[in-house]
Structure formats: structure tokens, C-alpha cells
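*Asks:* Below are the chains, spelled out letter by letter.
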Amino acid sequence: MDNILSVLVFFPAIAGLLGFVVDKKSARAYGITVAAIEFLLSLWLWFSFDTANAGMQFVEMIPLIPDFGVNYYLGVDGISLFIIIMATLMTLIGMMSMSIETDVKNMIITLLFLEMTMVGVFVALDAIIFYLFWELSLVPMLYIIGAWGGPLRVYASIKFFLYTFMGSLIMLVGMLFVAYVYHNLTGVWSFAITDWYALVLPVDYQLWLFMAFFLGFAIKVPMFPFHTWLPYAHGQAPTIGSVILAAVLLKMGTYGFVRFSLPMFPDASVMMITPIAVLSIIMVIYTAMVAYAQKDMKQVIAYSSVSHMGIIMIGIFAMNAEGIGGSVFQMLSHGIVSGALFMLVGIIYDRRHTKLMSEFGGLAAVMPKYAVIFGIMLMASVGLPLTIGFVGEFLVLLGFYEVSPIMTILAGTSIIIGAVYMLSVFKKSFFGPVTNEENKKLKDLTPRETWSLVPLVAIVIWLGVYPKPVLDPINKSVNAMLVFMEEKAITAEAKEIIKVPQSVTKAGEVK
Amino acid sequence: METLVYIALFAPFAGSLFAALFGMSERKTFVGIVGSALIGLSFVASATLALHIWQTGEAIHVTMMDWISAGDLHIPFGFVVDQVSVTMMTVVTLVSTIVHIYSIGYMDHDKSFNRFFSYLSAFVFSMMILVMSDNFAGLFIGWEGVGVCSWLLVGFWYHKPDQSREENPSISPSWAANEAFIMNRIADLGMLIGIFILYWNVGSLQYDVVFAAVPQLSGTVLNAAALALFIGAMGKSAQFPLHTWLTDAMEGPTPVSALIHAATMVTAGVFLVIRANPIFSMTPEVSYFIAALGTFVAFFAASMALVNRDLKRIIAFSTLSQLGYMFAAAGLGAYWIALFHLAAHAFFKALLFLGAGNVMHAMHDELDIFKMGGLKRVMKWSYIYMGVASLALAGIPFFAGFFSKDAIIETAWNEGTIVLWAILVVTAGMTAFYSFRQVFLTFEGDARYTEEIDYFKDGKHQPHEMYGYVLIAMSPLAILAVVAGFGMNAFEHFVTQLLPDYHMSEHTHHIAWILGLVVLVFAVGGIALAYKKYYKGLKRDEALESSWYYKLLANQYYIPNIYEEFISKPYAMISDMMWNKVDLKIVDATVDGIAKFLYKTGDGSRKMQTGNLSNYLNWMAVGAVILLVVAAISAVALG
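From first to last, the protein sequence lines are chains A and B.
Position one of the first sequence corresponds to residue 1 (the numbering used here), numbered consecutively onward.
Position one of the second sequence corresponds to residue 1 (the numbering used here), numbered consecutively onward.
A hint or two may mislead.
[Stated by the list, open to error] Here are the simulated DSS-like cross-link-like pairs (lysine-lysine), alpha carbons at most 30 angstroms apart as the crow flies:
| no. | chain 1 | residue 1 | chain 2 | residue 2 |
| --- | --- | --- | --- | --- |
| 1 | B | K551 | B | K380 |
| 2 | B | K376 | A | K295 |
| 3 | B | K533 | A | K295 |
| 4 | B | K28 | A | K441 |
| 5 | A | K440 | B | K28 |
| 6 | B | K380 | A | K440 |
| 7 | B | K111 | A | K441 |
| 8 | B | K380 | A | K369 |
| 9 | A | K295 | B | K581 |
| 10 | B | K376 | B | K585 |
| 11 | A | K369 | B | K28 |
| 12 | B | K371 | B | K585 |
| 13 | B | K380 | A | K441 |
| 14 | B | K111 | A | K428 |
| 15 | B | K551 | A | K295 |
| 16 | B | K111 | A | K443 |
| 17 | A | K440 | B | K160 |
| 18 | B | K28 | A | K443 |
| 19 | A | K443 | B | K371 |
| 20 | B | K371 | B | K581 |
| 21 | B | K376 | B | K539 |
| 22 | B | K596 | A | K428 |
| 23 | A | K428 | B | K371 |
| 24 | A | K427 | A | K440 |
| 25 | A | K428 | B | K380 |
| 26 | B | K380 | A | K427 |
| 27 | B | K111 | A | K427 |
| 28 | A | K428 | A | K488 |
| 29 | A | K427 | B | K536 |
| 30 | B | K539 | A | K427 |
| 31 | A | K468 | A | K440 |
| 32 | B | K551 | B | K569 |
| 33 | A | K295 | A | K427 |
[To be verified] Some chain B residues well away from chain A (every beta-carbon gap over 12 angstroms; in silico):
| no. | residue |
| --- | --- |
| 34 | F18 |
| 35 | G57 |
| 36 | R185 |
| 37 | L192 |
| 38 | W200 |
| 39 | G333 |
| 40 | P397 |
It should be emphasised that the hints constitute simulated quantities derived from the structure, not laboratory data.
For every residue, glycine included, the Cβ atom is placed at its ideal position computed from N, Cα and C.
Please build the complete structure, drawing on both the sequences and the hints.
*Replies:* See below:
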């Protein structure tokens, strides 16, 4: 299959269209089948992926508007490959565990469209195509929050939409300007990211463009102080919306930094290390504290999401293979773990119709299976070794230590304060005597819930014990990117800070 | 031999998984039996390995598979069995086996029996990873693993509600579990930083590579690495100021206290210092700090044990105090003596705890020694065991503690650190006093529980001795507590093949008997004082108990209260403020403010569209003027 990427992008959308004619009662089964096929396709992509090759693979290129250099241009490398697999996996799992009873058919169709846009963002190699999917992804999510959300759903969905939309408009301006500069320098128009990589820009251009892209990405991540849309969105979104939002949509922001900002503006990126690290550290500590103050279980997970995204941001700006590789791995880890945690919160919400921790207490005695899975995810979330959460966090902090020991210590407090709020959630909800009458007869996990969560538990442990199959391809592509950034950087400072692993430099010398 | 390494490591893991299979079903005795057998298997493998290394003197190094590799970082799952790790493995698995068997009896009536064994075996597995790993990252896996198992086991009776600090100083099992985990995490950050420092200066985390590179590293780097690693050690080994979790951890079932919070996990910090001795011996300042802190903690903890009334907390303070001794030895460079005391302490302290468990089992979880007394009549064997353990702890010749603790005190003299020596000697006296205060109050004198507790009235719940098989299972510990000291020379010969040897100077050697005598005078004095005051039963001394220093000690110098008032509460308050005041009122309100402003301007400017042509022309003129001005300014500015 040469055009597997196109299939991956458009299969869910076409299936979604066909979904309109599917009977309401079988909509759910239909959706799960489609999502399962899509997931298998993405696995097939992984098996046919050449792990020895660090560059773009499965490249497809069809000119769309040749005069302006807009092409339908797709490809994957080690960095995007696993995010795509995670997106298809989380869509499938989310659909399997979904407890929504109203308008199931519409939800399934919306999710399938959302899946198209998510995969599209991560395979796009043309800035216009990237932008198109980036913006399109807002629409299904807007609909999910607005139609299935809580009482404040309209406010939350509009806030989510307008906020992120504004950021991406500024990013679009940045993209147009890069294309303009490219045209000025080479005489041809191109929106291909790989063409843009070759562009060596003066430092002041880099800084301005960095800022334009930064706004778009930072709001999506969301970085402090642009994060306030997220708690509202999570607070109002149905479980499935939160799962996809936390697991995949936020990763678009951090992925954008790796795909665009770093390789295109290496000097500006190096100059921005300190401000971004400061923001990220604030994000890590401040939102962890805010998470501790929450009374609503889901809000804790929402704020903890922001806190963990801070770790990912720091890793990206470590400018070495350990940090960036760890960061990409942490994106996957955060996707799986926070997705699972949102599903777990959804499970108790379905039973009690409340998420307030003061309503619970002693759940471990009533729902032991639920408590075990929650406990495993909690441990992954606080970065326990041999769970998926450790590998990324460890590499990120290790990587950033080379840049700044002091800031690493500050960011490292996340392992302490992360434990503080997560353990507090666990204690308030699961420990102590069962005081509330309503909790005494709660049913433990149903088979459907169990089978949605067990694969995630398996992944959490598998990739914690043996991350190599995932980490190796990521590492290879990150190394290639670093080599390229170091060559391209024009300031001495950037050349100094961007650190190509010695193993790569040595291998190069031998050749 | 490689197979044996894997058996020693993975048998406990198999036991844990096996027990987990039955985790949610009702109590099944065979789960405990299988678990104990698998730990026993691990012990046999460890002991065989120890014998092998004893005979050949060669370490066994196995690499199972890669774990993490990114950039230049390569971390394998590698295990090294050498003189140091095999000592730890043998001690850990031996105590674990006994504690497992003991638990079959002790947890007899607990409905979560199977779950208990799953956690307990998982702990042993983590501890084995900790001691066997051949690199710092692998050590960290075990380090965190034991932390989680400790969290699970301290909070084992999670259903108990929170109480006020006056009712229960540890508030509740789940509170104590969280406290332990979080305090350890604070230290773990230090440990991680130490790992990062080593990685960026050496390029590897393998012990052999790092230790080989130590001579090339600068003093600053070594000091920073040593200090950061020691901060990690301070958490696990509960050194001041991260010590409060250890006594609170006594909320866990007693076998857990014996295994985790006395014999094995808490010694992990000491093990780290011993393991990383090539680093610590290059950093005299940090090492001296370790010794001084250890000495301080030895005294500090012993002082709190003097007045405590809680059977388990007294032993916990004494553990803390003995850990201080171990750090004193390690800090002064006598690594093998520290390791010897670690092993000897594991035996007699586990014995002491298990004996206390017998008492609790008999007394229906009563812990206040003021409400006991006279138990020797019904619990002869437990009395003997606890008596032997206390004699060993007090350092009475020729019990195990006599050799190991004396060597530490002698080291302090030999290094010329007279102040440390004096403190350690006084502490030895205090140790003897509180140990026998506890033993006498529990077993001697008249029974004080009759009035207080209803056991005797219904006739069914008389205090009773522990099951026979449990007492038999405890006997190896008792024997070791008596005889372990005689293996000191052989032990020195064995471990100093790897660790730096430490000899007393000629001068110290000459006066060794005087030094020993001084310590002995203090120890015997302590016992004599305890005998005088408590052998005939408890005589409350109201004046003493209401004095300020008694209260200060009984309230642990008010440190838990200080932590609560100045750390926990402010943290909760600031968090709340961050959310309600900053996040909602400033950050979010600004965003909404900007949005509202844009909306209002849009709404306002809509009024311009009146449909009136002359109005439009006016606006057009305004616009044209503004454009002209902008053009003029930019023309001037850009020149």
C-alpha cells in the first residue's frame, strides 16, 4: 500500500459519511469496527515502517495549487508515527468505553471526522494542509462539548474555539510570511515544510516568526498563561471529549514545536530557551498547586494535564537527544495515562453523577478493580519507574539538566507535587471508611469498562519495562533533526547549545 | 550461576503475581505458603550465590536486556552479584522468608490476607532489584518500587478513618502512607539530580564505569554528586529532617514494620552510601557531614524513644537511631563496619518487631506499654525473643550488636572525632535504657490491662502466646542475634575484597578494651536504670510527665506539628489562593476581559454602519487622514 497515509486520513472520514445511513442501533458497533480497522491500519504502518531510516517515509505528494506551491504532501517519521498510533488507539478505546446514550450516531460520526483531522495534522508535511487539519479539528470538538457537555457547555465550547482559533490565525500569518520569504529567496512558492527546513533565516526574522508560531502552539498546549480554556473545556466536555482532548489534541501543540519551531528557527529556539523554560516551570508548579486545591476529581486531572505538558515543553527545549526524545515519548505517555484517568473519572461519574471528591471515600473497598486500575494509572502519572510515565519524565529532566541545573531542580519538583495532588485524590476518594450511603452499593467495573482499560494498563506497563521499540525510532529521527539543526544554526551560541549525541557524531566520522 | 541470579530475583516476583491472582478473593492459607516458599527459594539461591562468591571471590554480572536508550544514554537491566550485593540479598531474603511465614500466623484473621502477600512479595522483588542492579537507574527502579510497596503496606488498613493528632499521632494509615511517599519523593529528587550529575560528567550510569571515572572528576562535581545522592539516602533511611514518616509508618501491619521499616528498606540509604563508596571516599567534607548527621540522628531519635509509650514507635525510634550509627560508620569511611551493623541490626531488629507483633496479637492491637505488664507469664517465648533482641540492641557482650556497634563507636574514636564518639557512647546508654524500659513494662510487673481492657472478663480473650510454628520461624533470627557477632572477622575478610578495608590505628587498638569498657558501662548502666524504675511495674511520676522536656520529647520536639503548621497548611492555603485568586480572578479574567473588549468594540463600531452615506464619507475622510499620517511618520522614520 503506497498511499497508506491517505487511507489512514480519509478512511475514517468516508466511513463517517457512510455512517449517516447506518441504523441508529448499530451505530456504535459500526463506529467501533471502523476505529478498529483504522487502528489496525496504523499498526500496519508501524510494521512496514523502516526503523533504520530517520527521514520521512510513505511520502505522498500531489500538487494542489502548483502556482502557490501548495501540495497534498504527507509523510511520517519516528516522531509522528507513534502519535498517530496513539490517536487511533485512543479513538478506538474511547469509543469502546463510551457511555453516552443520546445521539450515539451523531457522536460516532463526529468522532470519526475528528479522527481524520487528528491523523491529518500529524501526517501533513505541507503547511497549508497542516493548517487545514489543525483548524478542522476544532469543529468536531466544539460540537462534542457543545452538544453533549455539562450546564456551561456553550460558554466552554465557544471559549475553547475562539481562544485556540485566534492563536492559530496568528500562526497562519506566520506561515504565509515564511512562504513569502521563501518565494523572495528562491523565486518559487512552496508550503512544503521540508522545503522550509532548508531556509536559513536571519535571527530577527526567526524571532518574529517563532513568536507567531509560538502563539498558535502555546495556546493549544496550553502553556501558562494561556491555559484557562482547558479546565472549562474538560469540566464541561463529556468523558469521550476529555479523553481525546487530553490524549491527542493537546499534543498538536507540542508536536508543532518539534515539527516547525525547532528545525525552522534553531537560533530563535535557542534564544527562547530561558523564557519558555520559565513559563514551563511556572506551568509545572503553579498548575500542580491549583490541581491540589480542586474539589472536583476531573478538574484535578485537567490541571495535572497542564502540569505534565509543562514537562513536555521543557524537554523539547533541552536541545539534546535525551530531552527531545524523552519529550516525544512523554507525549505518548501523557496521552495514554491522562486519557485513562479521564475515562476512570467518567466511570465514577456515570455511577454517581458527581465528580466531587467529598462525595466519595472508601471506594477501594466497594470497587476494588476500579481502585487497582486507578492506582496503576496514578503511579504512571507520578512517574513511577517501570511504568510509561517514568521514561519520558526521566529523559526530559535528564536532558534539561545539561541546559540548566537550577531550572531542572525546579521542574523536578513535579515528581513531588505531582505525588501530592494525585495521592490526595486517591486518599479522598478511595481510602477511609465508606461514609456515604450511596457509595455502599456501587458496582465495580463492567466488562465493557474493564476491557477498555486493560489494554491501556498493558501499554503502561509494557512501555515502562521495554520502551525500546518506540524509543528507538523516535531517537533516530530526533538525532537526525539535531544534526540538521546544528548545521543550520547561524549563531555560535545556538551551535554550542544544540547538542548532537556523541554516538551520532562518531558514526558520522567513520563514514 | 546466572540461573541462580534470576531465580533469586524473580522468585519473589512470581510469588507476588501468584498472590495477586487471588487478590480479590477470600483468605486462602496456601497463598501465604506458596509466597513464603518462593521467597525461601530466593533465599536459597542467594545463599548459594554467597557461598560461590565466598569461594571464588569473583562477581557475577548479568545483563538481561536494554531498558532505556536515547541519545548517548544507555541503561540496561543489568545485575551484579558481588560481595556487597550478595550480603544484602542474603540478609533481605532471609528476613523476608521469616516475615512471610510469620505473616501467615499474624494476618490470620485479616480478610485481605491474599492481597497482603501480594504486596509483601512485590516489596521483596523491588528490594532485590535495588540491591542487585549494576547501575544507578536500576537502583532507582528498586528505590521507587520499595517506596510504592511501602505506601501500599503502610496504608494496608486503608479503611480506617482520619483521627486528630492527639488521638493518633499518625492520623490514619492512609495519611501515614501518603506522608511516607511524599517525603521520600522529596529525597528522590535529590537522588535524580545526583544521577543527572553523574551522567553528564561521566556519560554512563553503570557503577563500574562511573567508579572508574571518579578520579578524573573535579572536586565540585564529586561533592555535588555525593551530596545529591546522600539527599536521596536521607529520605529512604529517614534521616533528619525527613524522619517523621518512619514512626508514622508504624500504622502498617507489624510484619511490614519488621521487614520494611526496620530490616531492609530503611537501610537502602546506607546501602547506597556503601555501594557508592568510591564517590564518598573522595569527598571528605560530604562524608564528614554524613557522619555528623548520623550521629545527631542516633542521639535525637534515642531521646524521643526514652519517653514514648507506644510499643512500635519505640522500636521505630530505635531503628532511626541505629540507622544513624550506620551512617556514622559509613561517613567515617568504615564502610564494611556499616554494612556489618546493617546486617546484624536487620536480624535483631526484625526479631524485636516480630516479638512486638506477638504482643499486639495477644493484646488485640493494644500498643500502649503503660497498659501492659506481666505478660511473661503467658508469653514466655516472646519474652525471651524480645529480651535477646534487646540485649543485642543494647550491645551487651557477646550478642551481635556488641560487636557491630562497638566497632562503630571505636571508629569514631579512631578518627579523632571525639565529640561524635562521646555522643555515640551516651546514645548507647540511652539505647539500653529505652529497650529495657519497654521489655520490663511489657513483660514484668503486674498486669495493668485488666482494669483497662475487658479481655479477662469474658474469659475468651486472654492474652495468648503466638502459634508454635510462628515462634519456630522466628528462631533463626534469635540465633543470629546471639551469634552473628562471631562472624565479624570472616565478614570483614569477605566484603573487604570489594570495600575499602578499615583498620583501627595502633593506638586505638591498644586502648580498645578501655573504649569497650566505657561503652559497656553506659549500656549496663542504662539497663540497670530501667530495671530499677520499671522492673517492679510502672510507677507514674506526674511531675516528670508534666515537665516541659518530657512533653517536648513525647511530642517528637513538635516537629510533626511544625511541618503541619508551616508546610502542609500553607501549601494548601497557597494552592487554594492560586486557584481562586490568581487563576480564576487574574489569568482567566484577563482572557475574558480581552474577549469582552473585542466584543464591545465590535459592537460599538457596528453603529458606524448607519446606512447614511454622508456618515460613511466622514469616516472615510478620517481614515484617509490617519493613513496619511501613518505614511508620513513611517516615511520620516524609515528615512
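*Asks:* Give a verdict on every hint.
*Replies:* Do the hints match the structure? See the list:
This hinted pair does not check out: K551/B and K380/B have alpha carbons roughly 34 angstroms apart, beyond 30 angstroms. Between K376/B and K295/A the CA atoms are separated by roughly 52 angstroms; this puts the pair beyond 30 angstroms, and the hint is violated. Annotation: proposed proximity of K533/B to K295/A is violated, straight-line Cα distance about 53 angstroms (limit 30 angstroms). For a cut-off of 30 angstroms, the pair hint linking K28/B to K441/A stands: about 26 angstroms separates their Cα positions.
Of the supplied pair hints, the one linking K440/A and K28/B holds, its CA atoms being roughly 26 angstroms apart against a limit of 30 angstroms. The hinted pair formed by K380/B and K440/A fails the criterion: a straight-line CA distance of about 45 angstroms is larger than 30 angstroms. Note on K111/B and K441/A: the hinted pairing holds, with a Cα-Cα distance of about 19 angstroms set against a maximum of 30 angstroms. The suggested pairing of K380/B with K369/A is violated, with an alpha-carbon distance near 44 angstroms, which exceeds 30 angstroms.
A C-alpha spacing of about 16 angstroms is found between K295/A and K581/B, which places the hinted pair at or below 30 angstroms, so the restraint holds. Between the alpha carbons of K376/B and K585/B the distance comes to roughly 66 angstroms, so the proposed pair goes past 30 angstroms and is violated. For the suggested pair K369/A and K28/B, the alpha carbons sit about 19 angstroms apart, so the restraint of at most 30 angstroms is met. The hinted pair formed by K371/B and K585/B fails the criterion: a straight-line CA distance of about 55 angstroms is larger than 30 angstroms.
Between K380/B and K441/A the alpha-carbon distance is near 47 angstroms, which puts this suggested pair outside the 30 angstroms criterion. A hinted pair counts as satisfied when its Cα atoms are at most 30 angstroms apart, and K111/B with K428/A qualifies at roughly 23 angstroms. Between the alpha carbons of K551/B and K295/A the distance comes to roughly 37 angstroms, so the proposed pair goes past 30 angstroms and is violated. With a CA separation close to 20 angstroms, the supplied pair K111/B and K443/A stays within the 30 angstroms bound.
Under the criterion of a C-alpha separation no larger than 30 angstroms, the hint pairing K440/A with K160/B is consistent with the structure, at around 16 angstroms. Our distance criterion of 30 angstroms between C-alpha atoms is met by K28/B and K443/A, whose separation comes to about 25 angstroms. Straight-line distance between C-alpha atoms of K443/A and K371/B comes to about 43 angstroms, which puts the hinted pair past the 30 angstroms bound. Our distance criterion of 30 angstroms between C-alpha atoms is broken by K371/B and K581/B, whose separation comes to about 51 angstroms.
Restraint check: the Cα-Cα separation between K376/B and K539/B comes to about 19 angstroms, which is no more than 30 angstroms; the hinted pair holds. For the hint linking K596/B to K428/A, the alpha-carbon distance of about 38 angstroms lies beyond 30 angstroms, and the restraint is violated. At roughly 34 angstroms between alpha-carbon atoms, K428/A and K371/B are farther apart than 30 angstroms, so this suggested pair is violated. For the hint linking K427/A to K440/A, the alpha-carbon distance of about 17 angstroms falls within 30 angstroms, and the restraint holds.
At most 30 angstroms may separate the alpha-carbon atoms for a hinted pair to count; K428/A and K380/B exceed this at roughly 44 angstroms. Proximity of K380/B to K427/A is assessed by CA-CA distance (about 41 angstroms); at most 30 angstroms being required, the pair is judged violated. Proposed proximity of K111/B and K427/A is supported: the alpha carbons are some 21 angstroms apart, at most 30 angstroms. Proposed proximity of K428/A and K488/A is contradicted: the alpha carbons are some 52 angstroms apart, above 30 angstroms.
At most 30 angstroms may separate the alpha-carbon atoms for a hinted pair to count; K427/A and K536/B exceed this at roughly 45 angstroms. The suggested pairing of K539/B with K427/A is violated, with an alpha-carbon distance near 41 angstroms, which exceeds 30 angstroms. Note on K468/A and K440/A: the hinted pairing is violated, with a Cα-Cα distance of about 44 angstroms set against a maximum of 30 angstroms. Distance check on the hinted pair: K551/B and K569/B sit about 23 angstroms apart at the alpha-carbon level, within 30 angstroms; holds.
As the CA atoms of K295/A and K427/A are separated by approximately 13 angstroms, the hinted pair is consistent with the 30 angstroms bound. In this structure F18/B is separated from chain A by more than 12 angstroms, as the shortest Cβ-Cβ distance comes to about 16 angstroms. With a cut of 12 angstroms on Cβ distances, G57/B stays outside the contact zone with chain A, its closest approach being about 32 angstroms. Residue-level check failed: R185/B sits 5 angstroms from the nearest beta carbon of chain A, not beyond 12 angstroms.
Consistency note on L192/B: stated as away from chain A, yet its beta-carbon is not over 12 angstroms from all of that chain's, at 6 angstroms minimum. The beta carbon of W200/B sits about 5 angstroms from the closest Cβ of chain A, which is not more than 12 angstroms, so the claim that it is off the interface is violated. No Cβ of chain A approaches the Cβ of G333/B within 12 angstroms, the least distance being about 28 angstroms, so the stated non-interface status holds. Once the 12 angstroms rule is applied to beta carbons, P397/B is consistent with being away from chain A; the minimum gap is 44 angstroms.
Of the numbered hints given earlier, the model fails hints 1, 2, 3, 6, 8, 10, 12, 13, 15, 19, 20, 22, 23, 25, 26, 28, 29, 30, 31, 36, 37, 38; all others are met.
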